[in-house]
Amino acid sequence: MSVNFMSRLLRAGVHIVFIIAMSFGPDATASQPQGSCSPDIDSSHTVDASTDGLLVMRYMFGFRGETLIAGALHEDALIKTADGINAIFEQSGCQYYLDVDGNGVIDALSDGLLFVRWASGFTGESLILDAIGSGATRTTAVSVIEHLNGAALMSTAMAHRFLTGTTFGPTPELIDDLMSSGYEAWTDAQLNAPSAYDEPYTEADPNHLTYLERYMQIARMIDPEYYGWNSTTIEEYTVPRLNPGDIVPVFTKGPKIFPSVWFEHVLHAPDQLRQRVAYALSQILVVDGAAQGATSYYDLLAKHAFGNYRDLLIDVSFSSEMCYKLTFSGSRGDRTDIQPDENYARELMQLFTIGLHRMNLDGTPMLDAGDKLIPNYTDADIEAISRVFTGWDRHRKDGSCGGYVGTSTDTYRPICQVKNGNRHDYDEKIITLNNSGYGTTIPQDLTPHADTIAVIDMLMGHPNMAPFISRHLIMRLVKSNPTPAYLARVAGVFADNGSGVKGDLKAVVRAILLDEEALALDPLVAQKAKEPILSFTQFLRAFEVSFIPGYERYRFRSDFQGKLGQGPLTSPTVFNFYDNSFVPNHEEFRSGGMVSPEIQIIDEQGITLMANQIFEAVTKFEINSHTALNGGRPKDRYALSFEEEFAILNNSIDHDYSNLASAAYREKAADALIPYLDNKLTGGNLSTDQVQPIKDYVVGIPLRGSEKSARNVIASIIRLIVATDAFVIQK
Amino acid sequence: MKRREFLRKTAGASVSTAMAPLVFPANLFAGSAPAFTDYKALVYVLLEGGNDAFNMVLPVNRQSDVNAADYPSSYDSFFASRGGVLAVQDADFTDALNNKVDVNGKLDFSLGNPYPDGTSSEPTYRSGFYRTNIGVGVNAVMPELAHMMNEGKVATIAGVGTLLEPLLDANNDRISGSQKPNFLGSHNTQRRYIAVGEANAPNQFGWVGRLFDEWSPGGVSVNGSDVVAPNVSFNGNDHALLGRWNSPLVLRTRPSGYSNSIDQVERDARSSIAELPTPRPFENLYNRMVGRSFDLGEKLVDIWAGAHAFSASTVYGDPVFTAPSLPILGTGYSLRGSLFSQLSAVLKMIEYGATPIEGVPRFKRQVFFVKFEGFDTHSAGTSGSTARLREISMGLYDFQNALEELGLEDNVTSFTVSDFGRSVGSNGDGTDHAWAGHNLVIGNAVNGGLYGDFPDWRRRGPQDNGGNGKIIPKIAVEQQLATLTRWFGVDDALNDTLFANLRNFPQRNLGFMKPVT
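In order, the protein sequence lines correspond to chains A and H.
In my numbering, each residue carries its 1-based index in the first sequence increased by 18.
In my numbering, each residue carries its 1-based index in the second sequence increased by 23.
Hints in this document: simulated from the structure, not taken from any laboratory.
Quick caveat, the model's predicted, so the values are computed rather than measured.
Keep in mind that a hint or two might mislead.
[To be verified] Here are a few chain A residues that face chain H, going by a calculated C-beta distance under 10 Å:
no.: 1; residue: Y215
no.: 2; residue: D463
no.: 3; residue: F607
no.: 4; residue: I619
[Claimed, not checked] Here are the simulated DSS-like pairs of lysine-lysine, each with C-alpha atoms no more than 30 Å apart in a straight line:
no.: 5; chain 1: H; residue 1: K394; chain 2: H; residue 2: K203
no.: 6; chain 1: H; residue 1: K371; chain 2: H; residue 2: K537
no.: 7; chain 1: A; residue 1: K520; chain 2: A; residue 2: K390
no.: 8; chain 1: H; residue 1: K322; chain 2: A; residue 2: K638
no.: 9; chain 1: H; residue 1: K537; chain 2: H; residue 2: K394
no.: 10; chain 1: A; residue 1: K653; chain 2: H; residue 2: K394
no.: 11; chain 1: A; residue 1: K638; chain 2: A; residue 2: K713
no.: 12; chain 1: A; residue 1: K415; chain 2: A; residue 2: K520
no.: 13; chain 1: A; residue 1: K726; chain 2: A; residue 2: K274
no.: 14; chain 1: H; residue 1: K203; chain 2: A; residue 2: K390
no.: 15; chain 1: H; residue 1: K322; chain 2: A; residue 2: K653
no.: 16; chain 1: A; residue 1: K274; chain 2: H; residue 2: K394
Virtual Cβ for every residue (Gly too), placed ideally from N, Cα, C.
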């Protein structure tokens, strides 16, 4: 009967789209498991009886594989395979949600029918007629509608999870925005958002400066006289925009304030996804530093974050910072007694482009006839490429090239050839890339610049690059252990964006985020350990981090590398903070071949150091009681706001702090604040078992009942939630 | 009483170890351990980046001293092949520095500072070298190392590197059909092979971790139950320490980060959250660490508070692990101090571990991992190395003296390894990734001397892999490691499982450790 109903429905062309505007997840009840489910099964950002409804019916009738999805997907569906759709249904949140009549069994002829009728807009008796299963706990139309309407198109947990991977921390505004626009529209809006690197430069958003521009503003704030500004005005630094080759003034004793600039950008820039991708790229094309050179280098990453990887490689290869970091400054190709420096030639291949050995598009290693790995290059290849990177050095501030490394080095400008190119090796360079067929022969007498471009184009042509770079980006943004199929889909886009262009990062990022493997993730199942510095930025953004009143900039001078195992551009080597192949000491990781790179820098003492960092923030840096406003001299200068928390707390204790002296009121405060903070910090991922000890703690604290008590309650709940796996582990 | 309080108050067992059998079924621990009654520690010093060891210890025999057959490995041959980036100024190497040491070969400032009082490190680095009585020269900035060599406390393992099997015979002819390790010159790959104790097997667990897996029958290590694991790192979660069942304790060196700002009640709340069962691996992994972090913090604060204050001093007369002032140092910039602080922290842990409890040491066996960074000297090969080599020399010397003050000089052996050696050929101001290098083993239990031979330095010579002086090793790093573990109490059978390729080499034991009595 129901199948006939379905076919009739479809034949009649009924196509009722029902968008649910609710923006909060289902109320937690005792019997409801953690988790959530969207009625938008195929993630098309609409709920549609003829697609989502049909999928539900077919799933409940036991259809799997192609028969589950054939002809049942919405044209805007983001989840398009049977495996993806099945993964959605298997989530505990959906298993609960799709038991529409609440009898503990999922059944097509009751639950499925109810869903389809609901999605078609039926109400009242016509919704439930002959469709309530035996033993049902929801037997009225009102209760069925309440249950089905109770799920948002996208739950806050789902939105929170998506934003954790794509921003430096979800905020209520971002969550609302994502839930109303949907994954695809939100992502596209971010991918096309204005940035500080738009050309031609418009003054549409004069506050949105590049890293270097903001760096210079702050340097000038710190000391308008000292840092070599002299007659130079800030405008000369910021307008017009810096272009490669522009001669810009250099201040020689610049303070190392990149971390402060970095935090300001990542905490507040509206183009969050660009900033997040730039940060991921900073962990592939690794340099370290905190002065102007590192700052302008970081601008390259942000500028090309949605551009082409080839352009990024070119700019990086000509950047002063990389030339210094990988030591080809001063390398000579005009002598026979010494060899050119091989550092950049090697790491350009091993770390920045193709990796050590051949892999398939899906990232699995390619093996030779003897089951051995196939090296991508030999020492001879490295030696040949090292001859390309010769004759280069960094500009000095007087405009001359090389010969001195120190405070008079101009670290913004692209590198230059020493002595009019006399130290470059102009001979032919034969690069076979281990006889793979992907090598090239660079003819003699190309310009040094053209030599570099030839090497980059050779590497762009190597099939390893697509899976190699794609895997890096997936691991930083979404999950530690992508399936080969997921990686292959993304790498396919890296190899060809659909218009025959390779290395289109905008298309790659889009493919990573909108892949069904990313979207079908159960919001309850962890995908990676969060990077400690991202835990910290997320925490800061959750509490509306701002400047300290009267102090128009941030100061972040903590040793983040020492404390958290990472900081902005602080990796001690070009091998980044952690090893992407790190297998933690855990049976499931070992037996499942799973990696967790970030866990390599989250250790017992690191947990204490993070706890102390958070402790300092919540006890000393609240904007109305900031230690810096009371004579304190903290190393880091930023302020947090607990305005919302105070309001919720006050409501729960009848607006009378003295009530906090009573355990009964503390319990009320806990009941009000914990769910709020849980939603804010983890997307509502705390289990009831995890909530209980937090509640017990709050109820148990002896308090006198003052404003300080209120602060204490808020701070301790935050500390406890931030220390749970629900916060530290990325879902 | 809450369960946690109960566990806390259970004498002799910390929470985490009490819970270990709950986490891992005991039958997974199939290992066995000898019944140790003494204390021994190995200090694994990784010189990260590929140490230019050829400039750290050098041959001293001149062309004129040797017959033609021995010329290729002489000082003059090295000088001819290197083409710059040398530890001395010119072919007429000077050992004038020896005038600045006393009759025991110890640096003596009453004879004058051997280093130029300058702001440039290069003249210091290249101000000559020390001749030691074991027939090797030591870089000018490492007088303490030279002194320890003269005292017989240092084994120099020359021409050591990653190997699967011998590649060259005694005449330096290539053994036909022999295979080289993969990805030579790749930092992380080669370090991984050393950490695993087997080339071409990057996915195996680390040899230190596997050793303690074996020595943890029933899930309890040879050291008994303690939150201080037998394998401790003071610089990162290195793969060498990672076993199938054992994971290292990873610590920072600064005690200010040991204690947690939160109070006991809040800790208990956190612990009860962390102890909730979760089937999910990422969460489980994290929660296990949370529990340990509290126990650990308390213990570290105690260990640091109770640590011995040393009266031993540096060659400059300062307290151990103090960097001298810049003009005296002559390096142009100060010592990093990273090795000093790590070795100083290791000493505190050794003191804790070796302390007798009812007549037997608290712990029996420990391995400490120390990482000293910055050896990837593609550029500034001489000036950039000056302060680091100086710190190695001073640090290991102070460490040895401090051990003697604790009376533990026979119980602790330190050794260096590095990603790879660097090319004999130079790129003008630095050297590139290569293969064989020289490693050091230091301690009272060491039979001092030179083990292995200085290589044939000639570029495109029989020991060159390619044309830039990338020296093919004739000793496998596993031979060095197995000699150390033999002293540590590992038998031949276990050594064969720790180092799978050891059986491919004729010498299982290089003999640089004194026989165990």
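Hint check results:
Against a cut-off of 10 Å between C-beta atoms, the interface hint on A/Y215 is violated, since the closest Cβ of chain H lies about 31 Å away. Checking A/D463 against chain H: minimum C-beta separation of about 23 Å lies over 10 Å; hint violated. With a least beta-carbon distance of about 6 Å to chain H, the hint placing A/F607 at the interface is held under the 10 Å criterion. For the restraint placing A/I619 at the interface with chain H, the shortest Cβ-Cβ distance is roughly 7 Å, inside the 10 Å limit, so the hint holds.
A C-alpha spacing of about 27 Å is found between H/K394 and H/K203, which places the hinted pair at or below 30 Å, so the restraint holds. Of the supplied pair hints, the one linking H/K371 and H/K537 holds, its CA atoms being roughly 25 Å apart against a limit of 30 Å. For the hint linking A/K520 to A/K390, the alpha-carbon distance of about 29 Å falls within 30 Å, and the restraint holds. Between H/K322 and A/K638 the CA atoms are separated by roughly 27 Å; this keeps the pair inside 30 Å, and the hint holds.
Restraint check for H/K537 and H/K394: the C-alpha separation of about 26 Å stays at or below 30 Å, so the hint holds. For a cut-off of 30 Å, the pair hint linking A/K653 to H/K394 stands: about 28 Å separates their Cα positions. At most 30 Å may separate the alpha-carbon atoms for a hinted pair to count; A/K638 and A/K713 meet this at roughly 23 Å. Distance restraint check for A/K415 and A/K520: the Cα-Cα separation of roughly 37 Å exceeds the 30 Å cut-off, and the hinted pair is therefore not satisfied.
At most 30 Å may separate the alpha-carbon atoms for a hinted pair to count; A/K726 and A/K274 exceed this at roughly 37 Å. Proximity of H/K203 to A/K390 is assessed by CA-CA distance (about 13 Å); at most 30 Å being required, the pair is judged to hold. Annotation: proposed proximity of H/K322 to A/K653 holds, straight-line Cα distance about 28 Å (limit 30 Å). Proposed proximity of A/K274 and H/K394 is supported: the alpha carbons are some 26 Å apart, at most 30 Å.
Hint compliance for this structure: hints 1, 2, 12 and 13 are not met, and every other hint is.
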